[in-house]
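Undergrad: This is what each chain is made of:
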Amino acid sequence: MRRLDWERIASVVLIAPSAIAIAIFVYGFIGFTGFVSLSNWRQLLPDFTLVGLRNYQRLFANPRFQIDLRNTVVFTVLFLGACLVIGFLLAVLLDRGIKGEGIFRSIYLFPYAISFIVTGVVWRWLLNPGTAEAGSVGINLLFEKFGLGFLKWGWYTDPTVLYIHPESGVGQLLQRVGLGALAYSNFGMSVAIISLVIAATWQMSGYTMVLYLAGLRSIPEELREAARVDGASEVQILRHVVLPLLQPITLSAVIILGHISLKIYDLVVAMTGSGPGFATDVPAYFMWETTFQANRFNQGASIATVLLLMVAVLVVPYLVYSIRTEAKI
Amino acid sequence: MTTQRRKRGREVGWSRVLIYAILILSAMFYLMPVYVLVATGMKSFAEVSLSRMWDPPSGLHFHSFIRAWVGNPGIFRGLSENFMNSVYLTVPATLISAMLGSINGYVLSKWKFRGSDVLFPLLLFGMFIPYQSILIPLVQTLQKMHLYGSIPGLIFVHVVYGIPITTLIFRNYYAGIPTELVESAKIDGATIFSVYRHILFPLSLPGFVVVMIWQFTQIWNDFLFAVTLIGNPEVQPITVALNNLAGSFIVEWNVQMAGALMAALPTLLVYIFLGRYFMRGLLAGSLKG
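Going line by line, the protein sequences match chains X and G.
Okay, so the first sequence: first residue is -19 according to the numbering used here, each after it adds one.
Okay, so the second sequence: first residue is 4 according to the numbering used here, each after it adds one.
Pulled out of the complex, with its shape left as it was, chain X reads as follows (with noise of 0.2 Å):
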């Protein structure tokens, strides 16, 4: 009994570095930062005078963080759609017996492992519309090539905002049935995005592929044998058994992806900057400059613990609900 105490004690103190660190530089330093959103810290030395909600009242007020909020709503809705659409197709595709599947997989796959910054500085370039002087570039350029010149446009240079206008037809029937707010800007998509959701789904949609090819793996054979034999076309069967079955791994991939969307800022800052009026600005790239280059720490600190509630909300019931369903097991 004495030595079963002892190696509890040193399980304990095998594991005491981690948990301690873990404790002081995650959960100590979102208090501290949770504290800074609440001070008054807006030059490079500390103030922390306490203005209770101020700083978050004046952000949601800020022009700018509205803009974020919706390029991150519109970006992890694109993002995430063409992420699954493309993962699911390509499993699917792969997994009907394909000669040089394992080619096929890594091509699809190994944008994951290079850094966004790379990825951005490429399709920067990639997607650049060019001059008029010096004509097309990029994907332009091969556009043109191609007799497809109509497909032409200014990709992340572009600083149109598509949104409801209030004298449309629409706008005025949203107005009549009281839902008038909706068409405004900030409830639209402004179009440079786009260039940002293809980057980002480059890099990332053969992940999305790898985990439904494992899902579907996992499917036994007998049960769409037996679909099979009951006179089921395949569509049917990728319909009522493939997809049910694959409800899981969707979900993996929507937290995954949807965490990575919420954060998203190297590339960002390596392919588009803040764009024409803050048409690609995220609240990480806000939060960043303003932090570190204004040095408002209590603006950065209220952005970031704005951030931090978005991807908890998602990432919180999904931690309890693995955990719980392990435990059963």
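No lab work stands behind these hints, which were simulated from the structure alone.
Computed from a predicted structure; not experimentally measured.
Any given hint might turn out to be false.
A short, non-exhaustive set of chain G residues, derived as facing chain X with CB atoms under 10 Å [stated by the list, open to error]:
hint, residue
1, Ile22
2, Ile132
3, Tyr164
4, His201
5, Ile202
Note that CB positions come from ideal geometry on N, CA and C, so glycine has one too.
Mind docking chain G on chain X? Use the hints.
TA: Chain G in isolation, oriented as in the chain X frame:
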């Protein structure tokens, strides 16, 4: 398994052709940036007009790579020093964090104590947080520890924030090793340390490979910590230096492409040669168990 899958290859003709067409077109999309990177990097300075971006190089010229590596004295810095900084950062940080993860995973899977089931999810949450939410106190703390602006400081940071993922992968890995092995050794009088040294550690190689590939990739590719914690261009890792190089208007774009290829090469090589383990780490990092 494979024979059953082969049987489903019964659809012949057009649908088969269509599937291959889609797969090959997709492959071209994924490879397109690589083509531009390699082709542009290989061009001579005379042929790098942007309007000929898609043309293949006339021969194998390595001028762009040399320029990106050594720089253009007096005009811009090359990436050679920064590449080595990344090596000095990534190698030790990867080794230390794998070791730490192995010990944590061992304790959390084979020596559970009261509270260890609460501790684990608390650790795990650390891998999802946006690092923006800890950057401000992190800068302050590193300054107080005299680690700010240095590679050892960055190593420390990567080791700390690598704890959740390395612990997760090792815990799941060790969970697959029969607990009876450990139990019977305990009855024979083995201690927590000797069980690890003589039983678990010798079986850990695949776990270490997976964790080390994962951490190597993460740390090599990191930008946020590096750009926040290191201001001196001579100490910066390659991702930060590449971003500076690419953001500069005086650097020719073929040099930027060559630099990007250099920054991508180490993790790409790991991916090409150890892809199987890379894939395993990726699944371990996303799915529980």
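Undergrad: Take the hints in turn and mark each one as holding or not.
TA: Now for the hints, and whether the structure bears them out:
no.: 1; hint: Ile22; in the structure: holds (5 Å)
no.: 2; hint: Ile132; in the structure: holds (6 Å)
no.: 3; hint: Tyr164; in the structure: holds (7 Å)
no.: 4; hint: His201; in the structure: violated (16 Å)
no.: 5; hint: Ile202; in the structure: violated (15 Å)
When held up to the earlier numbered hints, the structure conflicts with 4 and 5 and fits the remainder.
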